[in-house]
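Peer 1: Protein chains in written order, with the working numbering: chain A, 1 to 245; chain B, 246 to 594.
Note that these hints are calculated values from the structure, not bench results.
Even for Gly, the Cβ is constructed at its ideal location relative to N, Cα and C.
Computed, partial: chain B to chain A, Cβ under 8 Å:
| # | residue |
| --- | --- |
| 1 | Phe271 |
| 2 | Leu443 |
| 3 | Pro451 |
| 4 | Ile454 |
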Amino acid sequence: MDKIFEKPESIRNVGTHYCPGCGHGIVHRVICEVVDDLGIREELIGIAPVGCAVIAYDYWDFDVTEAAHGRVPAVATGIKRSLPDRIVFGYQGDGDLGAIGTAEIIHAANRGENITIIFVNNTVYGMTGGQMAPTTLLKQKTATTPSGREQKIHGFPLKVCELLSVLPGVVYAERVTVHSPQNILKAKKAIKKAFENQIKGLGFSIVEVLSPCPTYLGLSPKDAIKFVGEELTKEYPLKVFKDIT
Amino acid sequence: MVKMKKVLMCGNEALAEAAIRAGCRFYAGYPITPQNEIPAYMSKRMPEAGGVFIQSESELAAINMVFGSSLTGTRAMTSSSSPGVSLKQEGISYLAACELPAIIVNIMRGGPGLGNIGPSQSDYFQAVKGGGHGDYHMIVIAPASCQEMADLTMLSFDLADKYRMPVMILGDGILGQMMEPVEFKAGTKPEIKKDWILDGCKGRKPRVIKSLILKEAELEKFNLKLQKKYDQIKDKEQRCEVLHGDNSEIMLVAYGTPSRICRSVVENLRKKGKKIGMIRPITLWPFPEKEFKELAKNVKSFLVVEMNCGQMIEDVKLSIDCARPVHFYGRTGGEIPSEDEIIKAVENY
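Looking at chain A on its own, in the form it has when it is part of the complex (with noise of 0.2 Å):
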């Protein structure tokens, strides 16, 4: 009988510490199917950050680090310019890069630093108990917006492709979702060309994924995908910001 379907080497046989119809899983394993496509896995370098994926280490089966709060891009620098045959890829959430990181992130990208970066956008904080994130949509509720964000006060969603998407640094910048099979495979997709930029030492490259995170959108998993294709995907338009591959 021919196998159709198996778990990617370079992901444990472990369960994972992720909410129900969290969108972390998925994005874990398309990058390890990436990974094993490309056959990498021995010589790559992963970067989990501060917030719900940091224990991405206990999932992924290769060398992984786990950096300071927003300070992945920097690592992954410092890994980079000494390894520079090694892949090195940082993964990082909304609060992680476009808030206590954003300096760190913008000049990575800035200097075209050879690295591949994966931005999983969910809107809010999970790990400290869904507060208010850069990225967060307007009058969205969290925990530290009870009655909805408010421009006036917390100013507007962060758009980071759009953002990096102009300095000369980054050479490829796309945001997926993961809300569909289908859009899982075009997630896919853009992972593996983000790691392939790398391999063919073109520069900087960013994949931005919108990803449910239904325990602080207060939405049952089945909504809280519904929420990530109907509605930010309206805020964050589905494209490639950049190739210039």
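Following the hints, put chain B in place on chain A, whose structure we already have.
Peer 2: This is chain B only, laid out in the frame that chain A set:
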């Protein structure tokens, strides 16, 4: 060995050159006075040595780049001055927690806040008592000449690798800026097998370098392991220089630039028959407690001279269990104690 010629260099450059000779192949830093000669020198020398120089967007980024480089097994360094070193504290805590070797240079200036660019020692507490969050220590090394800026930098890299921990070189603005003849000794890079690095899991099991330890009681276990390492360092790595330790009634205590002034004080007062000596801590952590305990048996009193309002004095008192009077003379805010001022202080006690 070919005897190397002495070269006239400022302390910052001597330190940078020594780092290269010690095998440092990664430097990241952000400009701040009075340590700017270090990144400038590194920007030129590092590419020649086949290493990496990065002017980072902030001190935070610099220390985290060093974190990344260090976990690949590369000898890595960053440098800054007081306000910038405050920013690095987050990264230092993570380096300590992940047991990563790294060199952090602090060429201290006047504080608090933006302070001024005068020489200072007001970051002593920050350096030896923690600085960042959590139960950890750094080895803290205090050079007192351009020659030591070179020699002790080489030693620092060895200690960092040996104990897998961050080492701080704590100098002051004068040591960084002044010029003296320096002779570079051959690096003593010991063969330390780094079997913990991340470089891709080819031919071995994947490794993880992290500081999050969530399981109940596991973090306590880990912290106690760190403490055991620190105890070992306290036992083996205390360093100091003692002048006239065997027949002094009063001992000056100073490190860095004040120790140079105190040396003159000792010489001049000795000529006048005063039984005075000096102890100069070279490791500020571990503090040379053993030597202090010995000295306290015969010395009548200690006079601690610092370029701050009195920080190291606490460690002196602790080291001798307050068995002798410990006095203090200091200047702060980027000011330097003069020989006359110190002599007056000696006469007062």
